[in-house]
Amino acid sequence: MSNSIAKINNKKELLEVNKIVNSVKMFINSYLHQDLIAQAAERRLQNYEKRGLTPQSQVEFEQKKQKQEEAQQYKNEGRSQNYRWD
Numbered sequence: 001m002s003n004s005i006a007k008i009n010n011k012k013e014l015l016e017v018n019k020i021v022n023s024v025k026m027f028i029n030s031y032l033h034q035d036l037i038a039q040a041a042e043r044r045l046q047n048y049e050k051r052g053l054t055p056q057s058q059v060e061f062e063q064k065k066q067k068q069e070e071a072q073q074y075k076n077e078g079r080s081q082n083y084r085w086d
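According to full-length UniProt numbering, the stretch in the sequence shown is residues 1 to 86, in order.
It cannot be assumed that every hint is accurate.
Unchecked claim - Simulated pairs of lysine-lysine, PhoX-like, Cα-Cα distance not exceeding 25 angstroms:
{"no.": "1", "residue 1": "Lys-11", "residue 2": "Lys-25"}
{"no.": "2", "residue 1": "Lys-50", "residue 2": "Lys-64"}
{"no.": "3", "residue 1": "Lys-25", "residue 2": "Lys-12"}
{"no.": "4", "residue 1": "Lys-50", "residue 2": "Lys-65"}
Source of the hints: derived by calculation from the structure; they are not laboratory data.
Work out the full structure: start from the sequences and follow the hints.
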């Protein structure tokens with residue numbers, strides 16, 4: 001009887017240890033994920049700087065791209081006759 005109680009206690013302890021191990025794994029994975037995101041952002045920034053793009057020019061590029069997409073959408077819908085694009 002005492003032997004089975006010891007096994008139950010060991011199983012409970014094992015479950016607790018597994019919970020702790022899983023928590024640590026999740027923490028490490030989230031930390032690594034955040035680190036990878038930061039590294040990717042840093043590489044993008046370095047690439048922008050190599051190409052001479054500043055954050056302001058990137059915003060202007062995105063705005064121009066959006067205008068072109070809107071113009072294409074209006075053209076596809078046949079509404080471009082009365083709309084002037086600058």
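Against the structure, the hints come out as follows:
Under the criterion of a C-alpha separation no larger than 25 angstroms, the hint pairing Lys-11 with Lys-25 is consistent with the structure, at around 21 angstroms. Among the hinted pairs, Lys-50 with Lys-64 is consistent with the structure: their alpha-carbon atoms are about 21 angstroms apart, no more than 25 angstroms. Note on Lys-25 and Lys-12: the hinted pairing holds, with a Cα-Cα distance of about 20 angstroms set against a maximum of 25 angstroms. Note on Lys-50 and Lys-65: the hinted pairing holds, with a Cα-Cα distance of about 21 angstroms set against a maximum of 25 angstroms.
Of the numbered hints listed earlier, not one is contradicted by the structure.
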